[in-house]
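> Here's the letter readout for the chains.
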Amino acid sequence: MQINYLALLPEIILAVFGIFVMLAVPFVPERMQTKLAYPALLGLLLAGAAALIFPRSSVQEGMLFHDAFGTFAKLLFFFSSGIVTLVSVSYLDRARLPHGEFYALLLFATVGMSLMANSADLIMTFLGLEILSIATYVLAGFRRHDVKSGESALKYFLLGSLSTAFLLYGIAFIYGATGTTKYAGIIQAVTVSTDRLLALLLGLGLLVVGFGFKAALVPFHVWTPDVYEGAPFPVTAHLAVSSKAAAFLALVRILYQVLPQLNAHWETIFWMSAFLTMALGNIVAVSQTNIKRMLAYSSIAHAGYLLLGVVANNRNGLQAVLFYLVSYALMTLGAFAVVQLIGRENEQAVSLEDYSGLAYRQPYLAAALSIFLISLAGIPATAGFMGKLFLFTAAIESHLYWLVVIGLLASAIGLYYYLRVIVFMYMREPGTEGLIVRVPASAAVAIAIMLAGVFYLGIFPGTFLRLASEAAHF
Amino acid sequence: MLTTLLLIPALGAGFLFLIPAARISAIRWTAFAASAAAFVWSALLFKWFEAGTAAMQFSQRVPWFQVGGFNVRYQVGLDGISLLLVLLTTFLMPLAILSSWSIKRQLKAYMGFMLLLEVGMLGVFISLDLILFYVFWEIMLIPMYFLIGIWGGERRIYAAVKFFIYTAAASLIMLAGIIVLYYANGGDSFDLIQITERLAEGRITLSPVTEFLLFIAFFLAFAVKVPLFPFHTWLPDAHVEAPTAGSVILAGVLLKMGGYGLLRFCLPLFPKASLALGPIISVLAVIGIIYGALVAMVQPDVKKLVAYSSVSHLGLVVLGIFAFNQVAIEGATYQMLSHGISTGALFALVGMIYDRRHTREIGDFGGLAHVMPVYSALFMVILLSSIGLPGLNGFVGEFLILQGTFLARSTFAALAVLTMILSAVYMLWMYQRVFLGNITKEENRLLPDLNFREVAILLPLVAVALWMGVQSGTFIRKMDTSVQKVIERMESQQTFRVENRAN
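Protein sequences appear in the order of chains A and B.
Under the working numbering, the residues of the first sequence are numbered 1 to 474, in order.
Under the working numbering, the residues of the second sequence are numbered 1 to 503, in order.
By construction, these hints were calculated from the structure, which means they are not laboratory data.
Predicted model, so just to flag it, every value in this text is computed and none were measured.
Careful, some of the hints might be misleading.
Stated by the list, open to error - Straight-line C-alpha distance at most 20 Å; calculated SDA-like pairs for lysine to any residue:
#1 A:LYS148 - A:TRP223
#2 B:LYS441 - B:THR359
#3 B:LYS162 - A:ILE283
#4 B:LYS162 - A:ARG420
#5 B:LYS104 - A:PRO363
#6 B:LYS162 - A:ALA412
#7 B:LYS104 - A:TYR360
#8 B:LYS478 - B:LEU45
#9 B:LYS162 - A:TRP223
#10 B:LYS104 - A:GLU429
As the list claims (entries may be wrong) - Each pair of labels, with its calculated beta carbon distance range:
#11 B:GLY153 - A:GLN348: 30 to 36 Å
#12 B:TYR183 - A:ALA184: 31 to 37 Å
#13 A:LYS148 - B:GLY153: 38 to 44 Å
Ideal Cβ placement from N, Cα and C applies to all residues, glycine included.
So here's chain B without its partners, still in its complex pose (with noise of 0.2 Å):
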């Protein structure tokens, strides 16, 4: 079943090869089929997916070489964290390639390498085989690489190479990680459920150094991704220099791979780590959230401003996962789902304008909202979604995330709240600047509205937005049991911890 969710974008890239480069509109919209026909399956995974259990669903273990030491298996599964984030991912795909409408260049290979992208990010969320999770976490860096250099902006060799380098490095390290892991498991399997549950039972034990280190190699190469402050410098540039599309995915579905990587490998597999350096990184997480929001709060640059936006908002979401609870590890989810709705939709509303202008800066603008006044409209729920106004999909996991940390650690909460205030400092400045007053500029008096193909790309977003404010139980539910299972893991060492200090 899982397997068919990567089939159907790959085998919408392999068909896309047979057509002939000329036909612009078949090529689209081939695209556009493939990737649809993959959120169309994969919201039926999510109706079928069964709440009440923290297994493994959907999966499918097939060996996939097996040879003298090495045991590497192609399993796949689903549970509550990972369909959320499929869902998300399959959700933003068609509406980030119905965005690339205005890509002339070399189209074939573009829509090809977005196909790609989406089998790569798929297969990050669904691999349950350590090997086969690198394999697909690397393989994405390709299509994203090529998207950025060939259809970026003026500076996009620059920040295509220290998006790579920066990945990559970083999760090199982690293969060192995963084959120590394989060997720490008695060179048995690569199977991440096994090795999970036999830590858990204590079959098999990391002696606290090596633990330590493990989790620093997994670490490292998730903070990269999230990006986690102050692993976060090629961000800015890769999402700046990006064509639209491939910062809505970026932002919308790339980022979430951090978050993802901490919940799924490093809180399960080094618990003891985990809690001995949360506090640490949660330092480090805070300072994230304030410094985003102060430097977007000078960016000139509207796409800058909105990445630099992610730092903030995702610092959060790691503040969430290291306060290790419930309520803040699903509000950490949640934020990740609703912050790539809402971002994923900024940098879309910010590829339009500068379809029409070619330029970003806040200074070209100004009034728009006399011009262009449906724009304006979608771009202020959006925003509001993304400051975190209550009603829409982004004060449900902000708050959770604030309410479970002040449980763990209130200061620190105390400090994060400011993250509220300032999101709402930048982003309406910057609406009032663009927006609202007197039209400044003469070049921007005759801009036309959103077309019919801009408001298709932006209504599911707003639908989502307001139904993930009002309905958060529909997603909740969903990976209740799924979270419960890290934090009893999670439990389990600290209650060790306190009995040993009782003795």
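Chain A extracted, bound-state conformation (with noise of 0.2 Å):
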């Protein structure tokens, strides 16, 4: 069998690179183990210009694709996989944890979900899933020490094993009905005839809760604001932005390209879905009173916003999809890269009352956060804004008027608790405690990044809503 290693070499380089920072360890002196962050971004980048130069094509053989669609998925976690290791430099250095093993299995796991996304096949999805997953759950209980931490790690496991053995069961039924795994063959199989439909459809909803599970969506969701909590907080922006946007690809790619004749069975059930996400997310977010928490039920609340597009099942809806994730993951990043500074090295300010007054002691980060907070809001000028338009765009183009109400006062609900923080910071008397955060670089640069990208999609979307454009279709 011959294998396309070109097409296969951002993955490859990630996971050389991820061997090469892991090996590295024992032979980098104690100080130096910081620098470790420079093979591992330089990594990303690589696989970055190698997933833009070798050429693309739709046709398929094997067990992986290489299309535009895959591209951008690509691209979008190299991106936010950089920024998270930007981000945990100073964080791993304050907190004392080790730094090559992390960003090795940061690397892993951005290997786990590029496979994911541009898997040709549900063995080499579950696969994906698998090495995304494994190196997660590792990650998510890294600070060893720490109870919560533990807490989160165990929890996530637990919970996650049982996701995928549902999305196991659920790839069983698939090749039942169709007798193969190969989306190639399913996509004949169903077209060909739909007589084994029941088996088909509980395949379906079986990799439905797997896939609801990685992405949040409720009634899936239970674990979140747990494990977000416990979890480091590079790895809760990873959770949150990017395995989150690795499962909704993956997804986004079985509904579209491998199961469009079910449109009519899976649109029902990511409807309600739609609908009890975007509800439950805002209306719970509204009673939290630790940032950490409340960015966990904003990040169900946003992906309930992201099936909005799902549901609309059509070009738009998915260009809007993939636009959306984009503007996620900046203003998520950015947010969770500001609390993260201000939580300090143990985690300890992470109640809305720590923020009080943070506006008077440290003015540039309070700034960026409103940016951030501001564009999660969905207020014009940002990424955000948007990203709503495109979405809400699609849905009323396929005629979902009660979906967007509902969307719509969720987003209002949104106002309330995105706003909050900002009275927090510039409104109320700056509390006992003042002490003042220093702003590493590495931490600066990815905040300048982010910003600029907010402002950039927000004033001038047209070149990112082209990409995006040509990224959706399969």
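Now that you have both chains on their own, put them together as the hints suggest.
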């Protein structure tokens, strides 16, 4: 069998760099460990370049696709992993956690995500998901002396394995119905006949459970707040952004490309889920006083908005989902980066009270966080608004009026809790302890990139929307 | 040309960012200079504007982003109605900045937000693309939110959050309406002019139910902004807690966006729904007029009194707009301008006394005319203009509205006339308690009269109030044809209905 190594190059680069970073750990002196971030970043950069340079084709034989959609997904993953790496440098330093393993695990997780979104075979999808999950289980428990982090890892692991079992079971059903795990084969089998519809639907339902867990869609979201709260900050950011995006993209590929015939069924499922996800995420976020938990629920809410685009099931919807994933990544990673700095090494300052009067202690951090929150709330001139505009437009194009109304109401609720953080930062008197956090250069760079991105996508969305539009067909 | 208008305050804000925070007077004067330059520019636009045509002038149209199913443009232009509101905005802005000298905390951010607010407000009045309009409409909330929340009074957080949530939630529904309208237009563009024309020519049609729902979606956003009874509850809080300049701009310009939206969007886009719902909305307007006036009467706080008087005066504006005739709508537009001048000035006046005494309770004053003669005199002039004394600005608008409304709905006009009496009652009663009689409180005996800066804020306002009262033609001439166009659109619907009935 002939293997197209060029097509696999980004993943190979990442894996090689990951192994290199891990092997380098014993040979690098203690105080130089921080520098291991450089090879990790370099690996992501090279992988991105490789993904861009080598030609794409929609022709697919074997286990992986090599198309525009997949490249878009890869670049998104590499970008957000790069940002997570940048942000974790100072975090790991101050928390005295090992650098090498962290970066290596992050790179492996990235390989997994990339395989997931590009896979052309359910087995490969499963493998990608497992690579991602196992790396992430370890990362969640990375603060191993912290009880909360341990709890987070254990919870994530137990529920995660369960959901993976569901996924596997789903794959088995689909195999039973169609006799193959290859996407191309499934497409053909479904087109020719839908005799074994029941088995196919069961398979689809179980797949939805598996991916719904990773993407934290209601009602498979229950793990989210605890795991997000306990995991180290950069890992929470990774979970909330990259891992979620990977699940979404893999799911979207299966729905749009492999099972478009079953659209009547999955549209109903996701209609319900979108409704529940938007409503629950926003409503529960209102009552949170811990900012990490609030962001966790907010990330659930945003998955709900994304589902609007999925349910819309039109070209605009898919393009909106891609665009929104990018803007969501920018604003959420940005918010997490700031929150992490303010939380300091032991993550003690994470309650809203700790943000009282922050604007007067640290005007730049407060301003940056405000902009990310305003973007999350969907106010114009930011990426969040444009993303929402596209999603809602796509939904209205498909006449999903009720879902749009629910989405709008949910956004209105969202305004309240995002603004509340701003209220604390700007309008409350400073609290008693006014510790000032030093902003390390690596985090500053990451935040600056995010800010620029939020405004760029908000004011000149054209370029990115065109990219998303080119990627939005199979 | 219009882009320059947006750029002047935006660049001012950018420049402000570069000045070190310690150089207070440099910050103040930069902000003032930027807003004054915007005023000069818009005055030139006013001069160049040709009154004879209803077409958009100084238009500019550039694609903003055009991908897949999207075609959004940066499209701006002015007609007679928006021209006047732009002028009002740029006129009030330097005065508002001038009245912010008492701001000490975070001055740079304050001035920056003021200028950004100006960009947002001007953007709303000149946008002709629905998405662009929405962007400015929402953006403008952010600086206002911070202005109230950081520099406001005691209950500022409550007021700021309430203001933001109320207005933003209402506009979200409008966003859905905009998108539906876009698909009704065949997914062609968000171009307001194009959609209005196509609707008028019958090239695109909306089913009655769709039109009704769309009307509601737009109307809610504007009704909250106006604010029309019963959507007014955010207003007293926001007005009272906002810093002086914030109240001036809030009353002077922000509220006008509601009226402007009704004229620019609701009536021309959805004439049938407007006609059908006209009576109900007029009832709400009349309730607002009388309710606002009655509540104003019993307020112990001067600023609150002025805030409720706004509810009453703007009810009149809505009543005029939904009378659907030339006289009433011109009156409504005129009333928006004149309310901006009078109420803006009243808030500035209240701010001046608050700076001295740190209270606004009517009960804390009395006999101020003895210690502050200049202040009292200017207050009287502005107060009379707000009541609608002939010869000053308020009268013209109110008279035209009542005249026009009488032609369309005489009972409503008869009820609305009450506002002229009631406003005289609450305003003059307040004046009597604050300024006349003996000095009741020792603290007030040594209050200094207005300084040069404060007189410089008020004199232009008084001058304009007089000018608008005597030479109303200067302004009305500019909007004549634009208003006529709105009316024609409405009348085409009315005759259509009459013909139907005849058959």
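> Now tell me if each hint is right for this structure.
Hint by hint, here is what the structure shows:
1. A C-alpha spacing of about 13 Å is found between LYS148 (chain A) and TRP223 (chain A), which places the hinted pair at or below 20 Å, so the restraint holds.
2. A C-alpha spacing of about 13 Å is found between LYS441 (chain B) and THR359 (chain B), which places the hinted pair at or below 20 Å, so the restraint holds.
3. The hinted pair formed by LYS162 (chain B) and ILE283 (chain A) meets the criterion: a straight-line CA distance of about 18 Å does not exceed 20 Å.
4. A threshold of 20 Å between alpha carbons decides the hint, and for LYS162 (chain B) with ARG420 (chain A) the separation of about 11 Å falls inside it, so the pair holds.
5. Under the criterion of a C-alpha separation no larger than 20 Å, the hint pairing LYS104 (chain B) with PRO363 (chain A) is consistent with the structure, at around 17 Å.
6. A distance of roughly 12 Å separates the Cα atoms of LYS162 (chain B) and ALA412 (chain A); the hinted pair therefore holds under the 20 Å criterion.
7. Straight-line distance between C-alpha atoms of LYS104 (chain B) and TYR360 (chain A) comes to about 14 Å, which keeps the hinted pair within the 20 Å bound.
8. For the hint linking LYS478 (chain B) to LEU45 (chain B), the alpha-carbon distance of about 12 Å falls within 20 Å, and the restraint holds.
9. In summary, the hint linking LYS162 (chain B) to TRP223 (chain A) is not supported, as the alpha carbons are separated by about 33 Å, beyond the 20 Å threshold.
10. For the hint linking LYS104 (chain B) to GLU429 (chain A), the alpha-carbon distance of about 16 Å falls within 20 Å, and the restraint holds.
11. The beta-carbon spacing between GLY153 (chain B) and GLN348 (chain A), approximately 34 Å, falls within the hinted interval of 30 to 36 Å.
12. For the hinted restraint 31 to 37 Å between TYR183 (chain B) and ALA184 (chain A), the CB-CB distance of approximately 35 Å keeps it satisfied.
13. The supplied range of 38 to 44 Å is met by LYS148 (chain A) and GLY153 (chain B), whose beta-carbon atoms lie about 42 Å from each other.
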